[in-house]
Structure formats: C-alpha cells, structure tokens
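Residue strings, one per chain:
2 protein chains.
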Amino acid sequence: MTPKQVKIAVLGCGTVGSQVVRLLSERGEDYAQRCGADLDLIGVAVRSLEAPRPQGVPRELLTSDAEDLIDAADIVVELIGGIEPARTFVLRALRRGVTVVTGNKALLASCGPELFDAAQHANADLYFEAAVAGAVPVVYALRESLAGDHVTDVLGIVNGTTNYILDEMTRSGRSYEEALARAQELGYAEADPSADVDGYDAAAKCAILASLAFHTRVGIDDVDVTGMSDITAADIEQARAGGCVIKLLAHAHRVRVGEREAVSVRVAPTLVERDNPLASITGAFNAVVVDAEAAGRLMFYGQGAGGVQTASAVLSDVVAAATHVAHGGAAPREQTYESLEILPAAQARSAFEVRLILADRTGVLAEIAQVFASHDLSVAALTQTAREETGCSALTLTTHETTLGALEGALADLRELACVKRVERVLSREG
Amino acid sequence: MTPKQVKIAVLGCGTVGSQVVRLLSERGEDYAQRCGADLDLIGVAVRSLEAPRPQGVPRELLTSDAEDLIDAADIVVELIGGIEPARTFVLRALRRGVTVVTGNKALLASCGPELFDAAQHANADLYFEAAVAGAVPVVYALRESLAGDHVTDVLGIVNGTTNYILDEMTRSGRSYEEALARAQELGYAEADPSADVDGYDAAAKCAILASLAFHTRVGIDDVDVTGMSDITAADIEQARAGGCVIKLLAHAHRVRVGEREAVSVRVAPTLVERDNPLASITGAFNAVVVDAEAAGRLMFYGQGAGGVQTASAVLSDVVAAATHVAHGGAAPREQTYESLEILPAAQARSAFEVRLILADRTGVLAEIAQVFASHDLSVAALTQTAREETGCSALTLTTHETTLGALEGALADLRELACVKRVERVLSREG
Numbered sequence: 000m001t002p003k004q005v006k007i008a009v010l011g012c013g014t015v016g017s018q019v020v021r022l023l024s025e026r027g028e029d030y031a032q033r034c035g036a037d038l039d040l041i042g043v044a045v046r047s048l049e050a051p052r053p054q055g056v057p058r059e060l061l062t063s064d065a066e067d068l069i070d071a072a073d074i075v076v077e078l079i080g081g082i083e084p085a086r087t088f089v090l091r092a093l094r095r096g097v098t099v100v101t102g103n104k105a106l107l108a109s110c111g112p113e114l115f116d117a118a119q120h121a122n123a124d125l126y127f128e129a130a131v132a133g134a135v136p137v138v139y140a141l142r143e144s145l146a147g148d149h150v151t152d153v154l155g156i157v158n159g160t161t162n163y164i165l166d167e168m169t170r171s172g173r174s175y176e177e178a179l180a181r182a183q184e185l186g187y188a189e190a191d192p193s194a195d196v197d198g199y200d201a202a203a204k205c206a207i208l209a210s211l212a213f214h215t216r217v218g219i220d221d222v223d224v225t226g227m228s229d230i231t232a233a234d235i236e237q238a239r240a241g242g243c244v245i246k247l248l249a250h251a252h253r254v255r256v257g258e259r260e261a262v263s264v265r266v267a268p269t270l271v272e273r274d275n276p277l278a279s280i281t282g283a284f285n286a287v288v289v290d291a292e293a294a295g296r297l298m299f300y301g302q303g304a305g306g307v308q309t310a311s312a313v314l315s316d317v318v319a320a321a322t323h324v325a326h327g328g329a330a331p332r333e334q335t336y337e338s339l340e341i342l343p344a345a346q347a348r349s350a351f352e353v354r355l356i357l358a359d360r361t362g363v364l365a366e367i368a369q370v371f372a373s374h375d376l377s378v379a380a381l382t383q384t385a386r387e388e389t390g391c392s393a394l395t396l397t398t399h400e401t402t403l404g405a406l407e408g409a410l411a412d413l414r415e416l417a418c419v420k421r422v423e424r425v426l427s428r429e430g
Numbered sequence: 000m001t002p003k004q005v006k007i008a009v010l011g012c013g014t015v016g017s018q019v020v021r022l023l024s025e026r027g028e029d030y031a032q033r034c035g036a037d038l039d040l041i042g043v044a045v046r047s048l049e050a051p052r053p054q055g056v057p058r059e060l061l062t063s064d065a066e067d068l069i070d071a072a073d074i075v076v077e078l079i080g081g082i083e084p085a086r087t088f089v090l091r092a093l094r095r096g097v098t099v100v101t102g103n104k105a106l107l108a109s110c111g112p113e114l115f116d117a118a119q120h121a122n123a124d125l126y127f128e129a130a131v132a133g134a135v136p137v138v139y140a141l142r143e144s145l146a147g148d149h150v151t152d153v154l155g156i157v158n159g160t161t162n163y164i165l166d167e168m169t170r171s172g173r174s175y176e177e178a179l180a181r182a183q184e185l186g187y188a189e190a191d192p193s194a195d196v197d198g199y200d201a202a203a204k205c206a207i208l209a210s211l212a213f214h215t216r217v218g219i220d221d222v223d224v225t226g227m228s229d230i231t232a233a234d235i236e237q238a239r240a241g242g243c244v245i246k247l248l249a250h251a252h253r254v255r256v257g258e259r260e261a262v263s264v265r266v267a268p269t270l271v272e273r274d275n276p277l278a279s280i281t282g283a284f285n286a287v288v289v290d291a292e293a294a295g296r297l298m299f300y301g302q303g304a305g306g307v308q309t310a311s312a313v314l315s316d317v318v319a320a321a322t323h324v325a326h327g328g329a330a331p332r333e334q335t336y337e338s339l340e341i342l343p344a345a346q347a348r349s350a351f352e353v354r355l356i357l358a359d360r361t362g363v364l365a366e367i368a369q370v371f372a373s374h375d376l377s378v379a380a381l382t383q384t385a386r387e388e389t390g391c392s393a394l395t396l397t398t399h400e401t402t403l404g405a406l407e408g409a410l411a412d413l414r415e416l417a418c419v420k421r422v423e424r425v426l427s428r429e430g
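For the record, the sequence lines run as chains A and B. Residue 150 in numbering that gives the first Met the number 0 is what sits at position 151 of the first sequence, and the numbering runs on without skipping anything. Residue 148 in numbering that gives the first Met the number 0 is what sits at position 149 of the second sequence, and the numbering runs on without skipping anything.
By construction, these hints were calculated from the structure, which means they are not laboratory data. On a predicted model such as this, the values are computed, not experimentally measured, just so you know. Errors might be hidden in some of the hints.
Identical copies carry no separate label here, and so any pair may be met within one copy or between two of them.
Here are the simulated lysine to any residue pairs, SDA-like style, with alpha carbons at most 25 Å apart [said to hold, decoys possible]:
| id | residue 1 | residue 2 |
| --- | --- | --- |
| 1 | Lys6 | Gly328 |
| 2 | Lys3 | Ala380 |
| 3 | Lys6 | Gln334 |
| 4 | Lys3 | Gly257 |
| 5 | Lys3 | Arg26 |
| 6 | Lys6 | Arg52 |
| 7 | Lys3 | Ala393 |
| 8 | Lys420 | Ser109 |
Chain A extracted, bound-state conformation (with noise of 0.2 Å):
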C-alpha cells in the first residue's frame, strides 16, 4: 500500500521556521512512523527570496507567494508571528477546511474567536501546543490530559526573557537595566523589550492558558496586566528578606461568586515564598503549576523559547494534525461551551504584600492597623525598620487573601494620613 502523503506549508523561515524546516527533512521517517503518511513539505512562504537563510533549508522550496502555497496544502505551519498578514494567511486557510499549525500567541489571544469560528464553521482544525511555553506541552496537557478533570488554578512563568531578568537580579544584586542589559546581550531579550518585560507576552499566554482550562473564552484584552519594569534591586532584596523571590507570573483562576462560576486573569510581578516550585525556576525557563479539582497539583517544566525548543512543540501538532488528515477523526477542537463572566481586576483576589515609607513617630502603627481594620483587611504580618531618609521608617504588611479592590480602597485613605510619606510598592503573595 502506497502511504498516504500529507502536503505540508511553512510561512516563515525565523528561528523557529527554519528548525521545523530542518526537522521535517531529518527526522521524516520517524514521522512517517508515527502518523502513519509521509509528510511532503511543499514549500516555505518568506518575505524576501533573496534574504540569507540557515542551513538546511533547501532554497528551491522557497516562495514569495503564501496564498497559492496556502491553497496547496493539507496543514499549513504558520510562523511568520504578530497580526498581519499571518491573520489573513489564518483565516484563509481554515476557510478553506486546511488544518493549520501555529506558535502565534498574539494572534490567538487578540483573534482568537474569529480563528476559531472561522475553524468550526469550514469544519477545519487549529493546532497550537507553539503558542504558550515553547516546548512545554501545557496546551496538550490542559486539553487533553486534564479532559477528565476539573481545572481550578492555573499559575505560570510563562516568559522566559522575564524569568531571566529577574533571576540575575537575585542571584547577583544587579539592577533592573544592568540585567536587562545581559539579558539583551545573551539574545534573551530583543531591543525593544517593551512586550516581554511590559507583561504583554504573558498575558497574550494566560489568556490562552485561561480559555483552555476554563473552557471559556479569554482575550487578551481580558487580562489584567501589570509589568515588571520598575521592579528594583531593593524589592529583590526585601523579597529576599521575607523568604521569597519576585516572579512575572501569569495568574488565572476559576473563582465563585455568590451562585455563578467567574474567571480571574492577570499578570504581575508576585512574591513566590521559596517552597513553592515556581520560586525555584531560574534562568529562562518556563513553568506552569496546574492545580485540578481530582488530579491536585501539577508541574510542567521546561524550555519556554528558543527556535529548535520551540519547533518540538510546533512538530508534535504537525503529527497529530497530519494523522488526523491521513486517517480521519476528531481532532481537538475549542471547547468553550461555558460563558463564565471575567471577574474585574478590582474584584481579584490574592494575599498582598505593602511597603510604605512613613514618618518615623511613635502611635503610627495604631493608625495604619485602624485603616486597614476599617476596610476589613486583615493583617498576616508586619515588620518595621529604619530607613536612611531622616525621620522615616519602611513598614511592610503582608496581608490575608483578599480582593485588588479592598486593598485599593485601604491605600487610598493611607496616603490621606499625614505620617504616610508614599506607599513604596504593592505586590501579589503566593504561598
């Protein structure tokens, strides 16, 4: 029996695009194994022919035209990233029922409805184990590991360029801009970071990590973000000092309110207490801590960007869509049957920590207990020490869990009080 061929597309030839690239040619009979097809890649869609391209990339398979690559092909790979014109090379694809393969978050967390309606209605498939934590197979894992269970939390060190800044910042004392510096250096981080160290990679990434585990719809624009930026050698320290270390974390949560189900999405920078095992993920790795209502908590670890890293994940969706065109099936598809409301970032819940510079007089701890008391938060610990600044003491508070919201309203009324200098930085807990 003549194996079935399944005609394969690139768009892109990047990092990523050049290693699945490079991948589908060596490794083509372990594929043709495993989906039981031979993959035939027909061509590779790039912006300049003429642009200089790594080894392994055979140059006859290069083409400026992706819409006839595109209405060639049984899967399509797109890894050009950003908006446009991947969207369009997208849709164009799924409405024409060919299964697509991609790595893009931006692209499903800003349009993603439009792709997956797009999907449902041409009865095509989507495929992107690429798009959140590289080689980390955590899109498999919530589809399709933890389809017999409950998903309750998901927390994430989901950037890794992040992840890298803020652990050289710990383990060498370096400020903000010199470890972005390194970071720059290293190829961590890009010239511009503003999308990683901004937050905005990682909320494009929990809200596919939010919509997959809820099975519910979560854009990135549902996400509330926060970046890391402005965190300084000093927060670092005290973080130190109180038993944690500071990590960008994507957080999304399954929470009730009153008679409903809600979801909460964001992104911050959080202090990790050092038993967790996210507190113990260092350089530019990735991780995601799933907890499940039968399952408990979970980990997944692993390599979170990278072109070869990354071309795995992007692989292991090849395989899976190609057998599913070769001998037929059901392949994954959204599963956003629940329309649960996205909770308002006032109304996110998390344990706090508060540092605020006040001047150094005896009675001012009863006032701060009295705000705190009248907006009925609770106070875990506190601890007080000098400062430089003449006349000012640092207070940090840790209290319990309790909404964005309440704590807001508690700081507005501290900075009214005269023996509060400036409240210094406000950061999510997590045990």
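Chain B: place on chain A using the hints.
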C-alpha cells in the same frame, strides 16, 4: 440531534474505581461537552456484591458478571490490578474490538505485547495514562506532546512509597525500618512493601516509559532492578555530605553501540546532586524528567498515587476514548516500529560512587588507584575519612561515566587486595 451514547463498564471498585464511578456521575455534563457524547455508566464489576462500598457508588450498578458487562460495553475501564483476572477480561474486550482504559502497570509491563497484538488484530484501542506516575500526564507527553521530537533519556521518580521513605530518612535521619513504619502508618506503604521497596513497581513503569519514549517493546523482565531496602541512615548522611540525596530512579536511555542504537533500562537507588530538579521532589510525589533532541529538558511533576488523583488520569483516557468511539478517527496506537536491542545490565552507563573500607596504612591509595587505572576507569573525585572501626578508613570514590561491567571488573580486583576490608556501597550518581 440526540447526543451519542457511549457505554462505559468499570471493572473493579477499589480506591481508584470508586472515584472514577463518583466523578463519572458528578461531572457527567462536563464530559458530555468534552466528548460530544453522553457517557453512560452501564455497570461496575466486582468480586463481591456484598462488600461495603464508598458513598457515591450506586449499588444497582454493581454486578459480579464481568464478562456480560464487557460484552455490552463500548469502553471497558479495567481497575482490578494484578495479572489475573485482569488479563483475561482485557483480552476479551480487545478481541471484541472494545476500547480498553487501564491503570494496570503490572499487566502492561508483563503482558504488553499480547495486549497490543490483540488490540491491533481487532482494531481496538488501549489507553493507559494512569499506569505510570498516577495523575502526572507523562504517557500523553511521550505519546503525543513529543511526537515531533526524538527522546534520548527518561529519568523518573515513579514510585511514591519509596520516595516518601527516602525523603523521610533524609529529613529526619530515621532508619529505613523507622521510615517504612511511618509510611505504613500513613497509608503510603502496604503491609507487604516488597513490590515497592524491591523496585518492581518502578521497573514496570520504567518498561512502559521506555517503550513509549523509544518506540520499541520493553518488558519488565528487560529492566535491571535494584531495590532500596538496604539503604541505611549512614548512606543518606554520606550522600548529604557529598551534596546529594538518594532517590530510587527509573533510568531509560537510548544509547549508541557502534552503528546501532540500543536501549538501557534499569531501576536503582541513585545519588542525585542537589541542583538536579529531581532532588527536590519530596514526599510521595512523582516526577519524570525527559530529555529530547529538540525540546531539551522537560519535567513533569505531580501526585503519583492516590485514588482520586489516579482517577483523573483514568478519566482523561475515558474522555479521549469516548470521543473516538463517538466520532471515529485514529486513536493513539502502540508505535513500536523500532526493534532496538536491550543492552545487558553490564553495559549500562553511569557515573558511580563507590565506598570502600580500607586498612588504614600508607600506600593503600596507590594500590586502589592502580586497580582503577588498570581497568581504564577515570576517577572524578575521592575522599578518605577515618572510621571508628580500629585501624580502618573509608574511601569514597566517584568515577566518571563508565559501564557497570567495567566497574564490576575493578571491584572484583579490589576485593582481592589485602588492604580492602570490604566494598560497602556502590551507587549510580546523576548530575
């Protein structure tokens, strides 16, 4: 449109089975959404209809006629454990083309080829996520998430009982016997702990992991097994002094032997350096580290045992199986297209740590070093310490990576030396 009905039969109603029955009824609506089909639990086969059952198991579903139940089902969930009658029931189902979901590692590792052949012959599907590492989705990871990659090494803590005992010995300084008694009190160890502490449970899981990772058939008899019941408090203390903890590890490696590839599989108590992520896996948790060519290093972590946790893994398989039953398509099949040689234990490669008790006189180090050199064994480190035994010293040697066979050759010669009182301990060491 009336949703499709998929008939589920559960065999066995112990700690896992009763949780599966409970969750099938409590989460039925979720599962229906996820499968596009209603899961209809048609019966639960038990040995005794009179035995007491946990709440949530409807007595009217119990039957003592497993065969009739199997013959009426679309999916059989086998949670009896052990070889017989589980083997007979699973074969009956598969031969009739009925999908089987099992958590039975002993059955798979002992009778895998017979089951997979029966499944293939009747075009039936066999799922077994729960057979390895409980709720930790490592079977999915190897079968699907890494389908686009080339796995080279799998290293795992896959037995929670022994990890609890070793962790307890490490944290409290207790002896093996005391730690075992504590594990038995807490329900982490059986009254007869031999399957766990002698390494056979881990060996069954090691065989399953190796089969999945390397696409070749590996059975429990292929695995070289060393148990951990002779590990002493002194070994644990010695490990700590050397910057390590002792873990019972399943090792599965793809190795090159001349022109060919082969597989090395073994279970052994192993020194794990403190920086290795496996060193920090405490209590009864499980963790599996997978190294793949493109993805690099991944780790999967979670609860490896427990009724409800294992039920989560069983139900993820049930959801996948029901989706396939209702909507057709290619379910994951055994993919053993490679026929890799299983390396004899003597050829397993590792760094080793050897503790020798020596007569305490000058010149012994030179004699020892000469033996290692004559066997072409390169020594990475050595430490000599005085011992309470009169006139003795202890010498701890760490080798560079070598084969177990080469090491045993050297040990045989060492035992011939007058200055060597005894070889006290030999352990593999992982960086």
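Hints, verified against the model:
no. : hint             : result
1   : Lys6 to Gly328   : both (18 Å within a copy, 19 Å between copies)
2   : Lys3 to Ala380   : neither (65 Å within a copy, 56 Å between copies)
3   : Lys6 to Gln334   : between (27 Å within a copy, 22 Å between copies)
4   : Lys3 to Gly257   : neither (54 Å within a copy, 34 Å between copies)
5   : Lys3 to Arg26    : within (17 Å within a copy, 39 Å between copies)
6   : Lys6 to Arg52    : within (22 Å within a copy, 54 Å between copies)
7   : Lys3 to Ala393   : neither (70 Å within a copy, 64 Å between copies)
8   : Lys420 to Ser109 : neither (41 Å within a copy, 71 Å between copies)
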